[in-house]
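Enquirer: Here are the chains, one letter per residue:
Protein chains: 2
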Amino acid sequence: MASLDGFFRPESVAVIGASRDPRKPGHVIFRNFLEGNFKGKVYPVNPNAEVLIGRKCYPSVTDIEGRIDLAVIVVPAEAAIKAMEDCGKKGIKNVVVNAGGFRETGNSQLEEQLIKAAKKHGIKFIGPNTLGIFDAHSGVDTLFNPKYKLERPQAGGISFISQSGAIMSVVLDWMSMKGYKASKFISYGNAADIDESELLEYLASDSRTKVICMYIEGARNGRKFFDAAKRVSGRKPIIALKGGKTEEGGKAVSSHTGSLAGQAAIYSAAFRQAGIIEADDIEQLFDFARMVSSQPAAKGNRVQIITDGGGFGILFADNMARNGLQLAMMESGRLEDLRKRLPEHAVVGSIIDLTGDVNAERYGMCISAAMDDGLVDMIVVIALFQVPALTGEIVEVVAEAARERKKPIAFIAAGGRFTEVLKKSLEDYGVPTFSYPERAAAALKALNEYSMLSR
Amino acid sequence: MASLDGFFRPESVAVIGASRDPRKPGHVIFRNFLEGNFKGKVYPVNPNAEVLIGRKCYPSVTDIEGRIDLAVIVVPAEAAIKAMEDCGKKGIKNVVVNAGGFRETGNSQLEEQLIKAAKKHGIKFIGPNTLGIFDAHSGVDTLFNPKYKLERPQAGGISFISQSGAIMSVVLDWMSMKGYKASKFISYGNAADIDESELLEYLASDSRTKVICMYIEGARNGRKFFDAAKRVSGRKPIIALKGGKTEEGGKAVSSHTGSLAGQAAIYSAAFRQAGIIEADDIEQLFDFARMVSSQPAAKGNRVQIITDGGGFGILFADNMARNGLQLAMMESGRLEDLRKRLPEHAVVGSIIDLTGDVNAERYGMCISAAMDDGLVDMIVVIALFQVPALTGEIVEVVAEAARERKKPIAFIAAGGRFTEVLKKSLEDYGVPTFSYPERAAAALKALNEYSMLSR
Chain A
19 MASLDGFFRP ESVAVIGASR DPRKPGHVIF RNFLEGNFKG KVYPVNPNAE VLIGRKCYPS
79 VTDIEGRIDL AVIVVPAEAA IKAMEDCGKK GIKNVVVNAG GFRETGNSQL EEQLIKAAKK
139 HGIKFIGPNT LGIFDAHSGV DTLFNPKYKL ERPQAGGISF ISQSGAIMSV VLDWMSMKGY
199 KASKFISYGN AADIDESELL EYLASDSRTK VICMYIEGAR NGRKFFDAAK RVSGRKPIIA
259 LKGGKTEEGG KAVSSHTGSL AGQAAIYSAA FRQAGIIEAD DIEQLFDFAR MVSSQPAAKG
319 NRVQIITDGG GFGILFADNM ARNGLQLAMM ESGRLEDLRK RLPEHAVVGS IIDLTGDVNA
379 ERYGMCISAA MDDGLVDMIV VIALFQVPAL TGEIVEVVAE AARERKKPIA FIAAGGRFTE
439 VLKKSLEDYG VPTFSYPERA AAALKALNEY SMLSR
Chain B
19 MASLDGFFRP ESVAVIGASR DPRKPGHVIF RNFLEGNFKG KVYPVNPNAE VLIGRKCYPS
79 VTDIEGRIDL AVIVVPAEAA IKAMEDCGKK GIKNVVVNAG GFRETGNSQL EEQLIKAAKK
139 HGIKFIGPNT LGIFDAHSGV DTLFNPKYKL ERPQAGGISF ISQSGAIMSV VLDWMSMKGY
199 KASKFISYGN AADIDESELL EYLASDSRTK VICMYIEGAR NGRKFFDAAK RVSGRKPIIA
259 LKGGKTEEGG KAVSSHTGSL AGQAAIYSAA FRQAGIIEAD DIEQLFDFAR MVSSQPAAKG
319 NRVQIITDGG GFGILFADNM ARNGLQLAMM ESGRLEDLRK RLPEHAVVGS IIDLTGDVNA
379 ERYGMCISAA MDDGLVDMIV VIALFQVPAL TGEIVEVVAE AARERKKPIA FIAAGGRFTE
439 VLKKSLEDYG VPTFSYPERA AAALKALNEY SMLSR
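Each protein sequence line maps, in turn, to chains A and B. According to the numbering used here, the residues represented by the first sequence are 19 to 473, in order. According to the numbering used here, the residues represented by the second sequence are 19 to 473, in order.
Isolated chain A, as found in the complex (with noise of 0.2 Å):
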């Protein structure tokens, strides 16, 4: 199989259908390669336009006269053909085709135009009707959401396979905001050249991605697909959330990309069977994927919980129960050791309560405690900044602990800005964070879920 690099790494990139116009996609497409981190050479093309934001425009690619590692076709359905057609002159051999119009909207005909014409030169298309692919590595950028709209995420190790443009827009923007990072993302739209299955295989090669996401409708070669995940799951993490499971969900998927969603018992079976981990929604999909990505495996599945809110920790719990996870109990000596030199108020077992009054240092000595002892097999952290000893020194307490991956760690912290900004930061060291218990225990189920996998 042929590498996808000239996609993600391409030295120099045309932009067919570059546009003056700010709130048309060529212009914003252009304009992404210009102001991102992308290192390579950027050709606006448009036969209606002599200068584009300070750059020399073409009438065509075959006007350009260095090489084309990439090509970017935003032209409408009709002249889009004639684009390819073009790039097969240029010698170009990677096109990504966001263009619109085509099978989605019934023109199968002229589908079969598009991929005849990329046949004939040799070239491989991501497309048509796409959002487009983002590398946050190399800057490679064909969304044609403005910035203002759509933040880009840091660059980092998820990488996520979407068969909707939207559901692959409003990630990135949420990752942003989050500060999750993100590697190579691609919405493949029609997939009438490069297809899931080819995506799936070149991701599992790409030493960038440590962790794949997939949003899927409907394979368009199911027996394909599955066989392509079970070799990728044995590499890498591949966790999936597929949409249309059920009747009335499926009815819209015929009408939105073509293909058939096929029936919910039969794809989560597949799923299992191919070693994909099976989320249940967008916001799972990427919990799971920090979990996995993040975080050494899980040797078991008993949990030390370790809280200032007595709350949150019995809802954690409950969850927990819910996730197939254990309460773990640390050894006597050890909890007898942690009473001794905590406040009397505070509850120690099971879930480990400091109470309104901890401070940072209590959060340390208990994860240490955690680390060490033999009948813990994962970590918990609980922290509400709401109380008033609690600083952002606990920030460093739990990176440090997380630094060791002896021992998975999640960190649960709900609230407003100060708690957002704090979670923010832990993000940036490598901690999965989570608002809520449910969220957290359903994604080190999953951690569990893979650990097993690959033990």
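What the hints contain is simulated information worked out from the structure, not anything from laboratory work. Errors might be hidden in some of the hints.
[Stated by the list, open to error] Straight-line C-alpha distance at most 25 Å; calculated DSS-like pairs for lysine-lysine:
id, chain 1, residue 1, chain 2, residue 2
1, A, Lys442, B, Lys165
2, B, Lys196, A, Lys196
3, A, Lys74, A, Lys196
4, B, Lys269, A, Lys358
5, B, Lys442, A, Lys442
6, A, Lys254, A, Lys242
7, A, Lys196, B, Lys442
8, B, Lys269, A, Lys196
9, B, Lys142, B, Lys269
10, A, Lys59, A, Lys108
11, A, Lys442, B, Lys196
12, B, Lys142, B, Lys107
13, B, Lys165, A, Lys269
14, A, Lys165, B, Lys442
15, A, Lys165, B, Lys142
16, B, Lys165, B, Lys134
Dock chain B against the given chain A, drawing on the hints supplied.
Expert: Below, chain B without anything else, positioned relative to chain A:
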């Protein structure tokens, strides 16, 4: 039953244990009354200070000259008994005992003394071991959390009775950030006097409370609680989250508030019988509250989806089905008319997908049609703001449609900062907003349940 108005609309308040040290609860609480929107008089009580934050300080409440409607006791447990006696001598009838160190840490005897002292003088009290009470309308605020760590939400119609102080603090902070609006928030701690049942009855009669939320681990008197709930739920919606529903969580409850958690199934059945809507997690609690308190009753379970992102529409349809809701299908003439007026690539049916080039006007057209159509009971608008042409105008379009209160409407938008700001302004207009399909679908289900109760 005596009204609890003295707690929430006092004209004069004494803070017993007011302190000079900004990290001390007694300082924070005194400051809350000075710097918030509280209009009455505030007196600091502390034998070791003459002036506090520019106010004359009193050695004892009995030294204050004027009448005192409410006292807040923020001294250690042992000193709290004497403070309660002093309140009695002064003729104070309402007391909040923030102090901890009573039954919850094994000092049941001390708690008995506190009760005895209060009874002797006919005092009603909340606590001990409570985070306190907060009234966004009157400015009563006995929370010991500084405002920079725990922001206070604006005044609105959602009240909350919480057995956990930590959960209440988190919720207030989070509501502020989201722009959700609060009425009365009560952490009742050990409930040595005023308990959840009495609070429920009070909020039922409180005109500023539109919906009552509860976090409950275990009622002290289950029979009394469910009888009260049954009476109240006929007048106002009650939404509850039960902590300690699983065996694991239940074990933790007994060491937290000392109450018995009881079995999950028994509680759920009792909730249903009493007309309480049960939430599965903290976010749901307030999702349901915002929906039920702001939207008109639903006449049925048929939902029209109007979206600009196909994937999000599909995920919503999936979640609808899981929540027992149905896709609506408007009258064929109306659908035909919409098809004529919308661009050719828009998908018009049970899910209207306006796709990525949508503008506010097209949303308005579809919302009007759904409002007028007899085959639609509820409307969900999904607006992903990442697309180029969609502006803040949609906020006015949706707010205008919601103002008529013809049918319930829910708004979904996910993403980063831009999206959050626009959602906050819709919340200001009283339209419930959600980030993810699963959240909105569960909230519409809760509204439908409540609508059936009141039909």
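Enquirer: Would you mind marking each hint as holding or not holding in the structure?
Expert: Results for each hint:
no.: 1; hint: A/Lys442 with B/Lys165; result: holds (20 Å)
no.: 2; hint: B/Lys196 with A/Lys196; result: holds (15 Å)
no.: 3; hint: A/Lys74 with A/Lys196; result: violated (38 Å)
no.: 4; hint: B/Lys269 with A/Lys358; result: holds (23 Å)
no.: 5; hint: B/Lys442 with A/Lys442; result: holds (22 Å)
no.: 6; hint: A/Lys254 with A/Lys242; result: holds (18 Å)
no.: 7; hint: A/Lys196 with B/Lys442; result: holds (18 Å)
no.: 8; hint: B/Lys269 with A/Lys196; result: violated (34 Å)
no.: 9; hint: B/Lys142 with B/Lys269; result: violated (31 Å)
no.: 10; hint: A/Lys59 with A/Lys108; result: holds (16 Å)
no.: 11; hint: A/Lys442 with B/Lys196; result: holds (18 Å)
no.: 12; hint: B/Lys142 with B/Lys107; result: holds (14 Å)
no.: 13; hint: B/Lys165 with A/Lys269; result: violated (49 Å)
no.: 14; hint: A/Lys165 with B/Lys442; result: holds (20 Å)
no.: 15; hint: A/Lys165 with B/Lys142; result: violated (56 Å)
no.: 16; hint: B/Lys165 with B/Lys134; result: violated (35 Å)
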